[in-house]
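> So the chains spell out like this:
There are 2 protein chains.
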Amino acid sequence: MSLSLFRLFFLLLCFLPLAFSEDSAPSSDASLPRPLIIEYPQPSKAVDEELRLRCTSWRFAAETNNLSPWKTIPQECAEYVKVYMTGEGYSLDLQRVSEEAGFYAKSVELSGDGKDAWIFDIDETLLSNLPYYANHLFGLEVFDHPEFDKWVERASAPAIPPSLRLYEQVLQLGFKVFLLTGRTEKHRGVTVENLINAGFQNWDKLILRSSEDYVKLATEYKSEKRDEMVKEGYRILGNSGDQWSDLLGSAMSARSFKLPNPMYYIS
Amino acid sequence: MSLSLFRLFFLLLCFLPLAFSEDSAPSSDASLPRPLIIEYPQPSKAVDEELRLRCTSWRFAAETNNLSPWKTIPQECAEYVKVYMTGEGYSLDLQRVSEEAGFYAKSVELSGDGKDAWIFDIDETLLSNLPYYANHLFGLEVFDHPEFDKWVERASAPAIPPSLRLYEQVLQLGFKVFLLTGRTEKHRGVTVENLINAGFQNWDKLILRSSEDYVKLATEYKSEKRDEMVKEGYRILGNSGDQWSDLLGSAMSARSFKLPNPMYYIS
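As they're listed, the protein sequences go chains A and B. Quick note: the first sequence, position 115, residue 115 per the working numbering, numbers continuous. Quick note: the second sequence, position 165, residue 1165 per the working numbering, numbers continuous.
Some clues are possibly wrong.
What the hints assert, rightly or not - Using C-beta positions, here's what the derived DEER-type ranges look like:
1. S156/A x F1103/B: 37 to 43 Å
2. E232/A x G1112/B: 40 to 46 Å
3. N202/A x R1154/B: 54 to 60 Å
4. E141/A x V1192/B: 50 to 56 Å
5. V1192/B x E76/A: 38 to 44 Å
6. Q1169/B x L217/A: 25 to 31 Å
7. E76/A x Q1169/B: 21 to 27 Å
What the hints assert, rightly or not - Below, a list of computed lysine-lysine pairs in the DSS-like style, where the Cα atoms sit at most 30 Å apart:
8. K231/A x K1225/B
9. K1150/B x K1071/B
10. K225/A x K205/A
11. K216/A x K1231/B
12. K216/A x K71/A
13. K106/A x K150/A
14. K1071/B x K106/A
15. K1231/B x K1216/B
16. K1231/B x K231/A
17. K1150/B x K1186/B
18. K216/A x K1106/B
19. K1082/B x K1115/B
20. K1186/B x K1205/B
21. K1225/B x K225/A
22. K82/A x K71/A
23. K82/A x K150/A
24. K1115/B x K1186/B
25. K216/A x K205/A
26. K1225/B x K1150/B
27. K1205/B x K1225/B
28. K1115/B x K216/A
29. K186/A x K225/A
30. K225/A x K1231/B
31. K106/A x K1216/B
32. K1106/B x K71/A
33. K1231/B x K1115/B
34. K71/A x K231/A
35. K106/A x K82/A
36. K1216/B x K231/A
37. K205/A x K106/A
38. K1071/B x K1216/B
39. K71/A x K225/A
40. K1231/B x K1205/B
Hint data in this document are derived by calculation from the structure and do not stem from the laboratory. Where a beta carbon is used, it is the ideal one built from N, C-alpha and C, also for glycine.
All chains, full assembly: derive it from the sequences and hints.
Structure representation (structure tokens):
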């Protein structure tokens, strides 16, 4: 969809000079369209390039966990994030992280005692909320909990395709799969429904926040859940998540895979 | 640069319809100079943009620690890495990470008992080896230990200016500063000389690898040294490094700051 929008916009811009050229063309030459080369205001391009650099720098700071907790994306990077999320950038990054995780998963020698575990987060890791965020300015709006809950309850978030492939691959290799999400127990039903609809199955355990976890930061809650897995004898060999709070803390995985997400931050 | 590429590509596409319209134009109009449009080889431009996306994706994967240990940058990204390192990109990223670290440092309430610590790595964190890597294809060459040692022994690596500012800021705030480097004890002299020449002073301790540390991975060696600091009662509140092996492991800092480095990887 974004591609055809881009193409439309593109064609429109291409035709603009032709439209204006009619006005200034001497009537004698009107038979041949004059090649209008004065095109597009150059200074804005320089600004654009400068802005692209600044926003790329912001994205890297966000993705490497260098930023303090943030509530919205920078205003100036709204268009940048939109282009990234709806264009090839996000898609390429998702593919690469799953490929790298897949190479690693294949390289691990499993013990075969059923205690080799891989953890997946859900939102922006297995399931994509991009349809929701496309309607909410890709992170420029402050997170609206009730609105997002409504979206979650529709159970219609699509799979992130490379994540689905990785998911199936690690299952096939013999890992136990744990889904560890910040979603709450009240959403267990819709979450299972959504996961199944999107093609995910055969997970070992789906762990959601219970009421006593509400006050905890994600890092704390997820660390506790990983601690429990380790106590139960699991070896956490892989962990996929779009937030550093999925990956850091105690009982960290042997390898962690950070999926891209420049739209929101969870502590 | 990519912007002007985009502009070129754009103009080219805009003129394409005109080019084709010529075929059907009556020959009597040949008196008017024909707009010569096909000026730039189109495929390479499109390839460039595609390549920029792929290499940005590779850099994201490298900087978020998603890649398996790697020995050289991808051949296809040689030019991309060079442009990033010598252009505004690297410089902007360095500035941002030090700014973020500075905001955090100021926000921390220090105990005042002299046990609040900030750790800095040295190479590509306080000192820049860019003059060396500029002569060694910015990471496209496999690391040449003897050659690099010669460079280290010249003690002429410049400071990374935003890191020097951060360094002075955290000292002034009252942090104890520890320098924790993968360099070996035999380079203590030249390292101190280089640091002083570049403007660094008043560190509390400079920790280098002793002979028993040679066999250890950086993550292991640096974790052990942090464990010792904690045993001595230090609270590690900040840690700046260009490698994840500076930051991950045991006794991790309350906040870690990952400086950019797409040129090499240390386990």
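> Check each numbered hint against the structure and report the violated ones by number, ascending.
Failing hints, ascending: 13, 19, 34 and 35.
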